[in-house]
Amino acid sequence: MTEISAPEKSLFEAPPMAEQERMVEAILFASADPVTVAELEARMPHGADPAEALVHLRKRYEGRGVRVVKVGDAWAMRTAPDLGFLMQKETTETRKLSRAAIETLAIIAYHQPCTRAEIEEIRGVAVSRGTVDQLLEMEWIRFGRRRMTPGRPVTYVVTQEFLDHFGLESARDLPGLKELRAAGLLDNRPLPGAANLSEDEEEAEDQVGQSELFED
Amino acid sequence: MTEISAPEKSLFEAPPMAEQERMVEAILFASADPVTVAELEARMPHGADPAEALVHLRKRYEGRGVRVVKVGDAWAMRTAPDLGFLMQKETTETRKLSRAAIETLAIIAYHQPCTRAEIEEIRGVAVSRGTVDQLLEMEWIRFGRRRMTPGRPVTYVVTQEFLDHFGLESARDLPGLKELRAAGLLDNRPLPGAANLSEDEEEAEDQVGQSELFED
Amino acid sequence: MAEGHEFEEDTTSVTERLAAEALIVDVEGFEGPLDLLLMLSRTQKVDLRKISVLKLAEQYLGFVEKAKALRIELAADYLVMAAWLAFLKSRLLLPPDPSDEGPSGEELAAHLAFQLERLQAMREAAARLMGRDQKGRDFFVRGIPEDVTRVRKITYTATLLDLMQAYARTRTHDEFRPYAFDRDHVFTMEQALERMRGLIGFAGDWTDISVYLPEGWTSDPSRRRSATASTFAASLELAKQGHIELKQADTFAPIAIRRKPT
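Protein chains in written order, with my numbering: chain A, 1 to 216; chain B, 1001 to 1216; chain C, 2001 to 2262.
For the record, the hints were derived by calculation from the structure and aren't laboratory data.
Just so we're clear, the structure is a prediction, and the values are computed from it rather than from any experiment.
The beta-carbon is built from N, C-alpha and C at its ideal position, and this holds for glycine as well.
Watch out, some of these pointers could steer you wrong.
Partial list, computed: chain C residues near chain A (C-beta under 7 Å) [said to hold, decoys possible]: (1) A2113; (2) R2118; (3) F2139; (4) F2202; (5) G2204; (6) T2207; (7) S2210.
I would like the entire structure built from these sequences, with the hints used as guidance.
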């Protein structure tokens, strides 16, 4: 990689790192939405290394009133959460989510990719169309890949907007995720004996831990 | 002023200046409009001195990709003006030349140097200013010598840029009418009367015109 | 009868009745039987992993009984759950039947406990998620986003062919056809009509249509094809106009024409 880009670098002198840091700072600052490294690269002069500049910039803003945060595979500047009290003026009234919507969101976040049937299985109640629609509309969830099981059901996954909203670097950083997984509470365990064919096949895709449950 | 506020300060401990600076930073960052010192004061904890915090903050951002600037009697954060070029995203779109433009260009190429009146005569329709401007802007045509006829009309000739684009050594390499005809690209159906004359003229002009190519 | 019912109810203690009623009034608020079961399980005041499913089943069945007594119509899924729990209860109480292939009562109970624990875990996770710092509430984005101005650079392009065609177009003042159709091998219907009109006067007798093919159009296959098609089309046209008659003995048999007798 370095070898390949070496001749290019000699042709187009990349600006000094301090200057690159300024550039990344300006771009992130100006944008309300997170910016990916690829986007930074496209906008910066040839040979620039925004990933490295980001490391420096992030450090520079540590402990400041504004922070450089990672959102999925993108970066953004956000005010420090401890200063939220100063911002009543900027506070946006978010639509009050129903309990069903909040739980559905959490289930998708922790189980993703997750089908509607799985959400219903966990909540023990049908998921209303409106709940999913609302989350889709808020751009907190989106469609993932179809599950390769009979019926090829759609799956839902959380979005970058979700991560941004809750200040998460990635879905792996969801609170308590590790513990829940360790406790087996993120397993998709079917009712003993009642497991039908489709669930069987679905299971095959899942982790090893769950295959143990299927010895018959 | 100091004396008056002194008792208050003892009552409500103002946050340390570094903290005040963070606050100003966050407020300026998040505000949709520039913020006055009075507004900062109103939003910050009692006893805070946003004016002083602003001095520090402004210094901190000196030479950075983002600056603290005064807008009227209010303050805002802005990207450094020298980085404005980063706020542009260039997209290149390739379009086909309009029929009018390509015909005008063709006439100039075959008849250069060629006046607007001549182009109109050949095309049989008026040539819009925009069409010629577009070709000039693309640097496919340029002004040639003025014609030594009444009114001294300007002439147009094709440029080196034009030759490069079409992969021609010179305008002479453009296939002649005979070749166009042979290639089936030109249906020889002379217009009654004038046609022969104009074609003859063209042939004569061709020679003269091309000898003039790229002079002056 | 109705009075008898009231008397029966009076036998239960007031507090119990109030509790039952509160629960039942709350039915609307429950999100299905699993939600209700989770709520009931809390009365056991133990870790969900140590919950007595048998006791829970009895609590639930008791709830359904009371709902019936109070003549409250429960949604179907509550009754389905009641039936299932009754089945589970019997499995848990009866000694296992070795000939029975289905899952044991313990397995079913463990699964229900797992479901409850998982639902509870998801509720807690949801609460923790919503308790996080949120954008627009605790932390904020840039107030004046500077839009990236999209500079659209348009480059125009043309090929040499475009240029030549354009020139040819202006020189002919005619709609230019870039693809010169090879007309040497096309015998048009107009030509065929023309030719046949001249010849038909002599065709008093049935003559094979192929005779009418023009000279020089019979050896080359593509020319022959074109001439045959146009000649046939022309003869149809002439028949329609009442000048000639056509006949064909059989499918794919030769076609013959003659001048229409007047």
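Each hint tested on the structure:
no.	hint	result
1	A2113	violated (11 Å)
2	R2118	holds (5 Å)
3	F2139	holds (5 Å)
4	F2202	violated (73 Å)
5	G2204	violated (74 Å)
6	T2207	violated (67 Å)
7	S2210	violated (61 Å)
Checked against the numbered hints listed earlier, the structure breaks hints 1, 4, 5, 6 and 7; every other hint is satisfied.
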